[in-house]
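The lines below spell out each chain.
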Amino acid sequence: MKVASSERIEKKKPILKKLLDQLLQTYSYASILMTDSQGKDYSISRQGINISPNMFVEQGYVVKVYDGESYGEYSFSRIEESDIDTILEEVKNHVMPWAKQLPDGMGIKKYPQIPDEEYQFDKSTEYEISPEDIGDEEIVKRLNALREKALAQDEKILEFQTRFEYQLYHKLFLSPNKDMTQNVMWASGMLVGLIPKGEEMKMAFESCSDCGGMEVLDQLEKKIPHAVETLNRLAVSEPITPGEYECICAPDVTGMIVHEAFGHGVEMDMFVKKRALAENYIGKQVASPLVTMHDGAAAASQTASFLFDDEGTVAQDTVIIEKGILKTGMCDAQAAMALGVKPTGNGRRQGSGHKAYTRMTNTFFEPGTDKVEDMIASISYGFYLENASSGMEDPKNWGIQCLVDVAREIKDGKFTGKVFSPIVLTGYVPDLLKSISMMSDTMELAGTGYCGKGYKEWVKVSTGGPFIKAKIRLG
Amino acid sequence: MMREKLLQAIKKSGIETYSVTEKCTEGAELYFIKKDLDMRRMKKEALSDVTIYRDFEEDGKKMRGSANICIFPEMTQEEVDKAVSGAYYAASFVKNPYFELPKGKKEETVLVESSLCGKSLEEIGDAFVKALYSVDVNADAFINSSEFLMSKTNTAIYNSEGIDVSYEKYSVSGEFVVQCLTPQDVEQYQDFAYDDLDTEALATQAAQALEMVRMRAAATEAPEKGNYRLLLSGKELRDLMGLYVSRASAQMIYPGYSAYKKGMQVQGDEVKGEKLNLTLHASEPYSGEGIPMKDLQLIQNGTLERIYGTARFSYYLGVEPTGTYKAVKLDNGTKSFDEMKKAPYLHVVSFSDFSMDSFSGYFGGEIRLAYLYDGENVTPVTGGSVSGNLLELQKDMVFSTDCYKDKNYDGPFAVEFQNVAVAGR
Numbered sequence: 040m041k042v043a044s045s046e047r048i049e050k051k052k053p054i055l056k057k058l059l060d061q062l063l064q065t066y067s068y069a070s071i072l073m074t075d076s077q078g079k080d081y082s083i084s085r086q087g088i089n090i091s092p093n094m095f096v097e098q099g100y101v102v103k104v105y106d107g108e109s110y111g112e113y114s115f116s117r118i119e120e121s122d123i124d125t126i127l128e129e130v131k132n133h134v135m136p137w138a139k140q141l142p143d144g145m146g147i148k149k150y151p152q153i154p155d156e157e158y159q160f161d162k163s164t165e166y167e168i169s170p171e172d173i174g175d176e177e178i179v180k181r182l183n184a185l186r187e188k189a190l191a192q193d194e195k196i197l198e199f200q201t202r203f204e205y206q207l208y209h210k211l212f213l214s215p216n217k218d219m220t221q222n223v224m225w226a227s228g229m230l231v232g233l234i235p236k237g238e239e240m241k242m243a244f245e246s247c248s249d250c251g252g253m254e255v256l257d258q259l260e261k262k263i264p265h266a267v268e269t270l271n272r273l274a275v276s277e278p279i280t281p282g283e284y285e286c287i288c289a290p291d292v293t294g295m296i297v298h299e300a301f302g303h304g305v306e307m308d309m310f311v312k313k314r315a316l317a318e319n320y321i322g323k324q325v326a327s328p329l330v331t332m333h334d335g336a337a338a339a340s341q342t343a344s345f346l347f348d349d350e351g352t353v354a355q356d357t358v359i360i361e362k363g364i365l366k367t368g369m370c371d372a373q374a375a376m377a378l379g380v381k382p383t384g385n386g387r388r389q390g391s392g393h394k395a396y397t398r399m400t401n402t403f404f405e406p407g408t409d410k411v412e413d414m415i416a417s418i419s420y421g422f423y424l425e426n427a428s429s430g431m432e433d434p435k436n437w438g439i440q441c442l443v444d445v446a447r448e449i450k451d452g453k454f455t456g457k458v459f460s461p462i463v464l465t466g467y468v469p470d471l472l473k474s475i476s477m478m479s480d481t482m483e484l485a486g487t488g489y490c491g492k493g494y495k496e497w498v499k500v501s502t503g504g505p506f507i508k509a510k511i512r513l514g
Numbered sequence: 048m049m050r051e052k053l054l055q056a057i058k059k060s061g062i063e064t065y066s067v068t069e070k071c072t073e074g075a076e077l078y079f080i081k082k083d084l085d086m087r088r089m090k091k092e093a094l095s096d097v098t099i100y101r102d103f104e105e106d107g108k109k110m111r112g113s114a115n116i117c118i119f120p121e122m123t124q125e126e127v128d129k130a131v132s133g134a135y136y137a138a139s140f141v142k143n144p145y146f147e148l149p150k151g152k153k154e155e156t157v158l159v160e161s162s163l164c165g166k167s168l169e170e171i172g173d174a175f176v177k178a179l180y181s182v183d184v185n186a187d188a189f190i191n192s193s194e195f196l197m198s199k200t201n202t203a204i205y206n207s208e209g210i211d212v213s214y215e216k217y218s219v220s221g222e223f224v225v226q227c228l229t230p231q232d233v234e235q236y237q238d239f240a241y242d243d244l245d246t247e248a249l250a251t252q253a254a255q256a257l258e259m260v261r262m263r264a265a266a267t268e269a270p271e272k273g274n275y276r277l278l279l280s281g282k283e284l285r286d287l288m289g290l291y292v293s294r295a296s297a298q299m300i301y302p303g304y305s306a307y308k309k310g311m312q313v314q315g316d317e318v319k320g321e322k323l324n325l326t327l328h329a330s331e332p333y334s335g336e337g338i339p340m341k342d343l344q345l346i347q348n349g350t351l352e353r354i355y356g357t358a359r360f361s362y363y364l365g366v367e368p369t370g371t372y373k374a375v376k377l378d379n380g381t382k383s384f385d386e387m388k389k390a391p392y393l394h395v396v397s398f399s400d401f402s403m404d405s406f407s408g409y410f411g412g413e414i415r416l417a418y419l420y421d422g423e424n425v426t427p428v429t430g431g432s433v434s435g436n437l438l439e440l441q442k443d444m445v446f447s448t449d450c451y452k453d454k455n456y457d458g459p460f461a462v463e464f465q466n467v468a469v470a471g472r
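First to last, the sequence lines map onto chains A and B.
So for the first sequence, my numbering puts the first residue at 40; every next one is plus one.
So for the second sequence, my numbering puts the first residue at 48; every next one is plus one.
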């Protein structure tokens with residue numbers, strides 16, 4: 040089924056068109072983004088049951104104008120026809136003149152006018168079962184059943200928190216040549232387990248996600264045994280001896296390497312600021328010839344799939360690395376203008392009250408041709424890494440910092456049953472990517488996480504890829 | 048307007064228990080690339096965060112379910128009615144044990160005193176921009192980019208038990224990146240947050256960051272792998288204290304995620320280093336539930352003095368509800384920082400991303416810049432990673448007498464740990 044359109048957008052659109060016309064009497068370019076979003080987070084744990092709004096729920100507007108040399112934005116949370124004059128006054132008398140009143144020594148970065156290709160559409164993503172149709176009672180019941188089943192597996196396990204979240208959003212983008220509406224729904228579920236190890240609490244999780252609805256949660260139940268086994272191993276885990284090892288990365292760890300270690304470095308607003316080493320490597324080899332990397336809202340059907348970004352650029356599938364060669368980065372509209380390239384549909388905001396930056400969407404490596412069992416069998420001594428927990432970008436120097444919770448020891452091609460935790464992955468990104476020697480013939484994308492720009496500006500993303508074999512420095 | 052619609056909807060649904068936090072924010076933002084303005088933004092936003100409660104019995108036990116909703120200014124009375132009645136319905140499936148909401152009365156609006164009050168957001172922004180760039184005067188190390196976010200927020204908190212409080216608060220936050228081109232092109236990220244017109248502090252932070260990035264440009268090698276006497280300083284101490292703040296919260300203790308009990312020695316029985324003296328610092332006049340906030344001694348001489356938290360989890364544990372806290376004061380320090388630096392050490396001054404996991408006690412991260420003293424020379428190093436466990440190392444912590452203060456931390460500048468594993472060359 041297709042996600043239905045928003046009545047609020049239909050009602051507000053004539054008012055927004057009037058506002059746009061009025062803005063265009065003063066400015067050569069103006070655009071308006073309207074967001075109408077709903078969604079809920081459900082969780083059950085020893086803390087209790089929780090039903091709350093999804094963190095991205097909002098009703099808001101962003102006006103963007105061009106004064107012939109630079110851009111300014113005004114965002115607000117309500118509009119009636121009678122508010123148009125007030126909004127115009129804010130933009131004309133406060134937002135735009137501010138650039139001329141800055142302290143001495145400060146200038147303005149000059150930009151051309153945004154190319155405004157003509158697009159008119161109203162499109163929707165698809166889903167099978169709407170969480171709203173299922174209702175709160177049934178969702179709580181399902182999460183509770185899942186939790187009870189997981190907890191019944193092993194009495195040593197202190198906690199299995201079950202979570203389900205979804206967001207259903209509608210966006211309208213208006214500019215002189217654009218009138219686009221999108222209606223999108225994504226959903227994700229999580230199973231987070233805790234097991235005591237002395238004074239420590241060890242954590243393991245399993246997840247499921249998709250561009251869709253309630254049907255997504257069905258994937259979680261079959262992951263319970265793996266979570267239980269991981270927790271039991273973590274309860275007797277040890278710290279690792281630091282060093283460089285041959286590793287097999289599970290798809291979630293591959294995803295973290297793709298996203299944190301490499302993806303942030305090819306966000307092209309970083310090129311504009313001269314903050315990314317990748318700018319000097321376009322057309323050069325940065326990874327093993329086995330590696331082809333994609334990013335794009337249209338590159339996969341996942342939690343970061345949409346039809347157009349928050350600056351009105353239509354969604355794309357961008358090949359970032361092709362057979363080891365860095366082809367391009369990803370960029371928002373303003374960065375694209377600064378660099379003289381075409382935007383790739385990566386201009387995203389946390390919400391109407393936030394600036395658009397270059398942000399990743401669905402980011403992943405293409406699968407290879409190897410079987411996972413052959414990959415494990417090829418390791419004489421090394422580790423199988425899974426349960427990626429966090430990572431941090433370093434676009435300037437391509438330093439890696441990724442944390443994973445589980446490293447399973449492999450000796451002579453077989454698991455020994457020993458687990459090490461926690462694990463820090465460090466090193467130089469191209470060294471790691473060039474060391475990739477095997478890639479599995481299957482891949483997985485996970486979209487339960489949120490991505491920040493530095494320490495703020497959260498957006499929904501998905502990451503993943505195949506199992507990979509690489510040499511990695513672990514600590 | 049939002050309040051009227053909401054109270055009407057609550058009445059229509061026959062709801063007896065609720066709590067609401069209403070926020071109206073005016074914001075102004077500036078984004079620079081080097082010294083050029085890249086984007087300016089202003090905003091006016093409003094939102095009510097509403098919790099609807101429903102009491103019922105389950106197997107003879109008194110329960111209080113709840114569900115949260117957001118109410119936006121554009122919602123019609125019908126939409127608010129629907130959202131509120133939906134939340135009341137949802138609350139009937141939330142089978143949480145009964146608890147009491149905090150009680151109170153209508154209070155005068157508090158204007159949080161600050162030197163930012165009375166100034167326009169543009170004026171405040173201009174003052175901080177001027178301060179940051181006042182130290183950007185050299186070609187070798189400079190400010191690559193910066194962001195300034197100024198806001199004035201009016202918060203009103205009211206509930207069915209008579210609480211009706213409000214406050215107005217100004218704040219400034221942002222971030223900047225410093226860059227040094229030679230002998231190698233490197234950068235350092237910095238963030239800042241102030242509730243006062245503390246432009247001097249920002250200029251000092253920027254000057255120190257510029258000096259630090261020069262040092263990082265000179266650092267070429269990672270430290271050798273091994274165990275080190277580790278010195279951590281500045282904001283990393285706030286993160287380390289996060290373990291105690293988290294483990295002492297009713298929200299963590301009630302479900303058994305934390306085994307903390309009032310009166311326990313949080314660092315164990317055999318403390319060879321300093322025993323902690325940690326205070327929770329109130330940085331807002333009221334908690335999210337409208338409880339008046341005050342400073343609370345959390346740990347004294349290593350003993351947990353109290354458990355703190357929200358109304359629900361505090362009720363479950365039979366302790367006084369206090370609200371949750373973001374800021375701490377640490378009253379420790381027995382050794383000067385200079386003294387700490389007399390024996391060989393690894394002083395990490397910048398991590399890619401410092402992690403402190405309060406569940407496992409693990410802390411660490413990739414080293415962006417550290418100073419390594421081998422007993423003869425101090426060398427800047429970069430790369431490799433630190434992995435420690437505070438639960439093991441907390442017995443031997445020694446804090447500096449030199450101090451450091453930011454929005455969420457006031458206490459010793461540095462802490463010394465013995466024998467911490469470092470993955471390096």
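Don't take each hint at face value.
On the chain A side, residues computed to face chain B include the following (Cβ under 10 Å) [said to hold, decoys possible]:
#1 R85
#2 G87
#3 M135
#4 I147
#5 Q258
#6 K262
#7 I279
#8 M431
#9 Y489
#10 G493
Not close to chain B: a few residues of chain A, all C-beta gaps over 10 Å, as computed [claimed, not checked]:
#11 G363
#12 K366
#13 K410
These are computed hints drawn from the structure, not numbers from a lab.
For every residue, glycine included, the Cβ atom is placed at its ideal position computed from N, Cα and C.
Contradicted hints - numbers only: As far as the earlier hints go, 5, 6, 9 are violated by this structure, in ascending order.
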